[in-house]
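Numbered per my numbering, the sequence shown spans residues 1 to 353.
Just so you know, these hints were derived from the structure itself, not from any lab.
Treat the hints with caution; some may be incorrect.
[Unchecked claim] EDC-like mimics (lysine to aspartate or glutamate), calculated; alpha carbons at most 16 angstroms apart, straight line:
hint, residue 1, residue 2
1, K3, D34
2, K282, E262
3, K122, D62
4, K136, D76
5, K136, E77
6, K196, D214
7, K96, D76
8, K42, E102
All figures in this text were calculated on a predicted structure; none of them were measured in a lab.
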Amino acid sequence: MNKHLLEKQIKGKADVPPMIDSQSFKRQDLSNVDLSGGVFSKSEFMGADFSGSNLSQASFVDCDFSQAILNNTRLDETNFMRCIFNDAQLSELSIKQTNFIESDVSHANFSYATFCQINCVKSLFNSTNFTGANFKESNFVDSDFSAANLESSTHFRTNFINIIFSDIRLNSAILELVLFQNAIFTAFDFTKVNFKICQFRESKLEQCNFSQCDLTQTGFMEAELTSANFNQAVLNNTLFIKANLTQCDFSWTHLEQALFNEAKLNEAKFIGANLKQAQLVKAQIKGSNFEGANLMYADFSHADLSNSHFKKAELFRCNLHAVIENHTDWQQANRTAALETDSKKAQAESFKA
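Start from the sequences and build out the full structure, keeping to the hints where you can.
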C-alpha cells in the first residue's frame, strides 16, 4: 500500500474500514501525508520516512518505528501504546499532549525537540538523545532514563516519578520547578546543573556531588543523601525534613532558614557553615562537626548532639531546649549566649494526660 492509498483509507475515502492492522510499511516513503486521527495496530514502520506528515490525534498500538524518520512530523495529541522507537529520528519536533505508554524509546534522537504536556508511563529511554530539548509541564512515570543524554535541556514543571537515572548526562541542563519523586541518582555529579526551586522527594541521592550548587528553596524531604557533598553550596530555605544526611559534607555552605527537622545528620560536617535561623528540631546529630559555624537563632530543640563538636561556633540566641549533649564539645563557643532548656516548656512537654 503506497502513502496515497494509506491516506485515503485513514480518511474514510476507501471501501475498507479506516483502521490499519498488521500491515508492513518498512522503509516506505510516508512523507507529507495526512494520517491524523488514524488508528494503527501491530504494524511495522521500521525505517519509514514520515517527514512533514501529520500524525496528530492518531493512535498506534504495538507498532514498530525503529529507525523511522519523523523529523518535522506533527505528533500533537498522538497516542503510542507499546510501541518501539529504537534509533528513530525525531529531532527538532514540537510535541504537545502526546502519550508514550509502555513504549521502548531507547536510542531515539529527540535533540532540540519541544515537549509540552506530554505523558510517558512505564517506558524505556535508555541512551535516548534529548540534547537541547525543551520540556514544559510534562510527566514521566515508572520509566528508565539510564544513559540518556539531557545535556543543555530545559525543564519547567517537569515531573519525574519513580525514574531510574543511571549514567544520565545533565550538564548545562536548566531545571525549574522540577519534581523528582523516588528518583535514583546514586553518586551523580550535579555541579554543572542549574536548579531553581526543585524537589527531590524520597529520592536516592547517596554520594551525589552538589558542591557549589545554588539549591535555594530546593526540597529533599525524606531523601537518602548519605555521604553527599554540599561543600560551599547555597542552600538557603532548603528543606531536608526527615532526610538521611549521614556523613554529608556541608562545610562552608549557606543554610539560612534551612529545615532539618527530624533529619539524620550523624557524622556530618558543618565546618564554617552559615545556619542562621535554621531549624534542626528533633534531628539526630551525633558525632557531627560544627566548628566555626554560624548558629545564630538556629533551633536544636530536642536534637541529639552527642559526641558532636561546636568549637568556636556562634551560638547567639541558638535554641538548645531539651537537647541531648553526651560528650558534646562546646570548646571556645559562646554557649552563654545560647537559649538553654525552658523548664516550664519542658514540664509541659513531659505532661501526660
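Now the hints, each set against the structure:
1. K3 x D34: holds, 9 angstroms
2. K282 x E262: Within the cut-off at roughly 5 angstroms; holds.
3. K122 x D62: Holds. K122 to D62 sits at ~14 angstroms (cutoff 16 angstroms).
4. K136 x D76: Within the cut-off at roughly 14 angstroms; holds.
5. K136 x E77: holds, 15 angstroms
6. K196 x D214: holds, 8 angstroms
7. K96 x D76: OK: K96 and D76 at ~5 angstroms, within 16 angstroms.
8. K42 x E102: Between K42 and E102 the Cα gap is close to 14 angstroms, so the pair holds against 16 angstroms.
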